[in-house]
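Novice: As a plain string of letters, each chain reads:
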Amino acid sequence: MADHILVVRGVRRVFGGVEALKGVDLDVVRGSVTGIIGPNGSGKTTLFQVISGMDRGATGSVMLDGREILGCRPYFVYQCGLARTFQLSRVFPQLTVLENLIVAARRHDRGARSRALELLERVKLEAYNEVLGSDLSYGQQRLVEFLRVLMSDPSVILLDEPAAGVNPTLRATLWDMVRHLNGLGTTFVIIEHNMDVISDLCQEVYVLSEGEVIARGSRRSVATNSCSRRISGSGAAHERFAA
Amino acid sequence: MALFEPTILLQLLIAGLLTGSLYALLASGLNLVFGVMRVINIAHAEFMLLGAYLAWVLYVYANVHPLLSLFIVVPAVFGIGWVLERTLIEHVVGRPLLTSLLATYGVSIIMVNAGLLVFASDFKSVPQLQGAIVIGELAISKPRLVAGVLAVILTFAVYLFLEITRLGKAVRAVAEHPHVATICGIDVQRIRMLTFALAVAMAAAAGVMLTMIYSFSPDTGADFIQKCFAIIIIGGMGNFLGAFYGGVLLGVVEAFVGGFGTTQWAEAVAYLLLVLVLLIRPTGLKGMADVK
Amino acid sequence: MSRFKALLSMFVVCVAAQTLSVALADSKEFVVGASVALSGKYARTGQEQLHGFQMWVDDVNARGGVLGRKMRLVHYDDESKPEVGAKLYEKLITQDKVDLLIGPYSSAVTMAASTVAEKHNFPMVSSGASSAKIWERGYKNTFGLYTLAEVYMDPILEFAKNNGLKTVALIYENTAFPRSVAAGVRTKATALGMKVVFDEEYGKASTDFSSMILKMKAIKPDMVIGGSYLPDSTAFMRQARENRLYAKIFAFAVGPGLPDFGKNLGADANGVMGNTQWEPELKIPGAGEFSKKYKAKYGHEPGYHAGGGYGAGQVLEAAVTRALSVDRDKVRKALYELDIVTTFGRFKVDGTGKQIGKPAYAVEWINGEREIILPKDAATHDPVFPFQDWSKR
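Protein chains in written order, with my numbering: chain A, 1 to 243; chain B, 1 to 292; chain C, 1 to 393.
Keep in mind the hints are simulated off the structure, nothing from the lab. Computed from a prediction, not measured in an experiment: that's the story for all the values here. Ideal Cβ placement from N, Cα and C applies to all residues, glycine included. Take these hints with a grain of salt, some might be off.
Partial list, derived from the structure: chain B residues whose beta carbon lies under 7 Å from chain A [said to hold, decoys possible]:
1. Q128
2. Q130
3. E176
In silico lysine-lysine, DSSO-like type, Cα no more than 30 Å apart, as pairs [as the list claims (entries may be wrong)]:
4. K248/C to K142/B
5. K28/C to K392/C
6. K133/C to K333/C
7. K142/B to K392/C
These stretches of chain C come out as covered by chain B in the derived footprint (C-beta under 8 Å, 3 or more residues) [as the list claims (entries may be wrong)]:
8. 91 to 101
9. 208 to 214
10. 237 to 246
11. 286 to 293
If we strip away everything but chain A, and leave its shape as in the complex, we get:
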């Protein structure tokens, strides 16, 4: 049996009578990259909100490495080794790039500064160390946000459409980092619309629709699944699936 680092069971979230999540199950294998796809409003981001502790109004169970984290406050979930990014980039605008990273280090990490410098060097942003968050381009902000997540050396990272709005060069750097870190053993859960990325990176894919997992399996099986074709509906999402 596979070693699951993150196990989600029957997670329900209701907003004023509307069920955003209708009992979602998720099994994330340690060291894997798992993709989550689905149309807008299908509950992908809500699921991330619940897992990361930002939304504490859900019922069910979220086990991280055998430890229940549902209902825990986000900073605690983070300290347990689960980090995430947001769909829209959120760096601290009045903190420098370096400070943006340092605040996210583990509480008693004495090597925070050198770790931050090292990360910035890796993505060739070292010239921006002392630049304020608000002075970065959007793509650079996304990258800084991604690096920030790495500061605590988390075991699981949730990425919410990390490549959206990022130029191709930076995008390549980002996916390289994911690959590199995954190679070192970090587990990723990624919300992504781009099926190329999904098929390239993910070992397993979940399809969410209207708060339910309607399909799961290897990337190929999902891509050809009639079910996922049906839910992808119209427009861009459909084209991405088709591609």
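Let chain A serve as the given structure and place chains B and C on it in line with the hints.
Specialist: Relative to the frame of chain A, chains B and C by itself:
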């Protein structure tokens, strides 16, 4: 007119700087709380008086010099602030501004009336460190000098704490994006407790020094909080350094207006300055610089 | 016939009822109503004033009451607020139907309360207000006990004039009472041929007087007079020392009259003059005895608010005794005619009810004690003059 003599100008400038730095110490704490928590603490000046009364009690009953009692009073008020944030203020963070205004207004009323109950409405003061240092034609008030210098040191120390330390950076991160801060592993609630406690401790330090300068009663706070509001708007809402500049500016302008005009005008100048700054820079002195 | 009988019996019942009610009323005591500041900023002074009232009630009843009837005090807390005070006087008059009225503490609350008393044409003895404005509204029912703010500084100004001082620097807070003091100083100084060479108002929240003091130093006035309260007068004296401002007399309206002035300033208080409405040591008949009894009962020396409270009771007592009734018109007439000396001092009012009989008492801090220096017949100590230079202290 004799007033334009350089010594008199210098004398006015010094008096203004010293008063201004005390304003700055008080107002920058208020602004810190607003910046991090989006809560306007109407009871801020009451914590200054809490510090003042604690110092007065220590002086009268244990003969502790106010400068020594700083080491007792400031940590004590820090602790009170910590507990109060956890039990009350934490519940109004993130609510509409009116909710937190009402809550802190309630705290203010309770503190003022508790003060009246315990200390009555008599005016207290501590006759220590009196007199002036005389340098030629210049006379610099000893208590004001000590208070002013200490206020600058304390404000600067808090500024350095915010800029340099990990914890300080976390405080600033929470001020900018509390939600993002929390997924960066920052215990936002703990940061808010720290911020509030730090701010009221700064106010208490100002209060301790006030005992040697002025006579105070439980309802003296109202006069100070009004000026503080003017200062933080002048300096830029939520900006720690802005409040510092605003406070010093107000002190100096008050001194000069008092010197060349009348003291009556000096009292109104805070609001005049407020209107002027808002006309020229609607976001306050520092607000504009930060928007870029 | 039966109709006549019915009428007759009704008449009898009516007469009987009326007689009975008169008899009942006769056995009843006189009720004195007052609002007292028991919370809010005048809570402390209000409490002392109330002690004064209560001691008077106890003493009167021990003597067998007035006109053979006992006195009973009905009081409510006005929270030091004018609007609350006004409501309470309305209640005292219309619901509690009190026989006599004593005014509240502070000029502000008295302003509001006196309007209610005037509306009901109900005479009110006011012990706790010294602003002349109260008696400038053409009211007929407000009788003051306190020395008016306008004459506070008269004895000190006369003393200064006699010692050859010529110029006065006048500073005062921009509120009602200090302005009244200042107006009185201007009038008196002009009358004495002295010159007000510096005249400046300051805001209620002023903590820094150094700008003012610098200007004053350039003018070098013979004396400095402050229309002030405690915090501003202490702050001013501190900064006067810091900036080495020298004058032959420093006098302030309220601050130096209070014990806290000495506690807050320490030795720097010495030589500063001020005012008091009343002191336990004043050589007035009954004052010493009252103070002793008060201290025995409440454990602390009475302040002037306590003395005033007791005095207000004595004035009412004298007026009722003179009027032989608590009829409002008769009591009012008696109050206008009275010229008596109570424990609080002389009581004599002019045609508006304004106090004109009670003198202003000047005090000075001498060797850490507050001594009465003027007028001479009431003095406990000779004035120490001139003010000792800071450098020689």
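Novice: For every hint, state whether the structure bears it out.
Specialist: Results for each hint:
no.	hint	verdict
1	Q128	41 Å, violated
2	Q130	43 Å, violated
3	E176	5 Å, holds
4	K248/C to K142/B	24 Å, holds
5	K28/C to K392/C	66 Å, violated
6	K133/C to K333/C	22 Å, holds
7	K142/B to K392/C	19 Å, holds
8	91 to 101	violated (count 0)
9	208 to 214	holds (count 6)
10	237 to 246	holds (count 6)
11	286 to 293	violated (count 0)
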